[in-house]
Amino acid sequence: MRSTLFDAANHERQTNERWALQSSKMLRCALGPQSPEIISSAGAMVAYQGQMDFAYQGSGGGMKLLKKMATGEGGNMMRTRGQGEIFFARSNNEIFLLQLEGDALTLNTRNMLAFDSSIQWDIRSVGGAGIMAGGLFNLFLQGHGMVAVTSDGPPLLLDCSQQPTFVDPQAAVCWSANLQPQIKNDFKMGSLIGRGSGESFQLGFHGPGFVVVQPSEGPVVAASA
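Adding 10 to a residue's 1-based position in the sequence shown gives its number in our numbering.
Derived from the structure by calculation, the hints contain no laboratory data.
Hints may be right or wrong, so weigh each one.
[What the hints assert, rightly or not] Mimicking DMTMM-like on lysine to aspartate or glutamate, the simulated pairs with C-alpha atoms at most 25 angstroms apart in a straight line are:
| # | residue 1 | residue 2 |
| --- | --- | --- |
| 1 | K35 | D63 |
| 2 | K194 | D169 |
| 3 | K35 | D17 |
| 4 | K194 | D17 |
| 5 | K194 | D63 |
| 6 | K35 | E22 |
| 7 | K35 | E95 |
| 8 | K194 | D178 |
| 9 | K194 | D132 |
| 10 | K194 | E227 |
| 11 | K35 | E104 |
| 12 | K35 | E47 |
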């Protein structure tokens with residue numbers, strides 16, 4: 011049988027690294043008896059080799075449980091352990107790896123692909139809005155381990171230290187954990203254009219740090235009739 015499908019570029023890339031990009035859109039993670047479990051977005055697994063055990067990631071109780079019930083954030087996570095290799099991808103998105111070395115990162119939950127279970131996580135509100143006030147919520151990660159994030163297209167890294175930076179909440183991928191974004195409302199009755207998310211309000215960042223922006227607001231959700 012002959013086909014460009016069998017070209018070497020499409021073969022699995024053998025490596026001793028635990029986390030390795032097979033391409034810009036496919037991630038391979040190795041699991042073993044001594045390695046930490048992997049927490050991933052539910053549905054992100056596209057293949058695996060060996061023996062794997064999948065379970066829904068628990069909330070951890072307390073405030074995490076309350077936040078998950080009120081926001082739905084963190085509710086679609088999976089915990090994986092086993093022996094072999096597991097492959098992750100999401101909707102042909104670009105994948106990027108970040109190594110946390112005791113530092114922290116705030117991440118848009120829908121851009122989270124996977125991270126080491128050794129990393130501590132929590133659900134945090136944006137702009138000071140409480141749970142019952144319907145505020146925006148994201149994932150806060152801190153500790154030691156690897157994090158895989160996705161971007162719907164080539165991302166843009168913006169420096170927020172020089173001037174105020176405003177980002178559509180659906181286009182924000184992740185940002186420096188020390189930044190405390192505030193909600194800025196630019197909505198004017200009758201002037202809403204297009205999907206309206208970025209046109210109505212943005213996340214405002216200002217201070218030493220960065221924000222990563224994807225060139226997309228994500229998939230369009232069809233309005234019900």
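Each hint tested on the structure:
1. Distance check on the hinted pair: K35 and D63 sit about 24 angstroms apart at the alpha-carbon level, within 25 angstroms; holds.
2. Of the pairs offered as hints, the one joining K194 and D169 holds, with about 19 angstroms between alpha carbons and a cut-off of 25 angstroms not exceeded.
3. A C-alpha spacing of about 18 angstroms is found between K35 and D17, which places the hinted pair at or below 25 angstroms, so the restraint holds.
4. In summary, the hint linking K194 to D17 is not supported, as the alpha carbons are separated by about 50 angstroms, beyond the 25 angstroms threshold.
5. Only pairs whose Cα atoms come within 25 angstroms are accepted, and K194 paired with D63 is rejected, the gap being roughly 43 angstroms.
6. For the proposed pair K35 and E22, the alpha carbon gap of about 13 angstroms is at most 25 angstroms, so the pair holds.
7. The straight-line distance between the Cα atoms of K35 and E95 is roughly 16 angstroms, inside the 25 angstroms bound, and the hint therefore holds.
8. In summary, the hint linking K194 to D178 is supported, as the alpha carbons are separated by about 10 angstroms, within the 25 angstroms threshold.
9. For the hint linking K194 to D132, the alpha-carbon distance of about 24 angstroms falls within 25 angstroms, and the restraint holds.
10. Taken as a hint, the K194 and E227 pair is honoured in the structure, with Cα atoms around 17 angstroms apart against an allowance of 25 angstroms.
11. Pair hint K35 plus E104 holds up; C-alpha atoms about 5 angstroms apart against a cutoff of 25 angstroms.
12. For the given pair, K35 sits about 22 angstroms from E47 by alpha-carbon distance, which is consistent with the 25 angstroms threshold.
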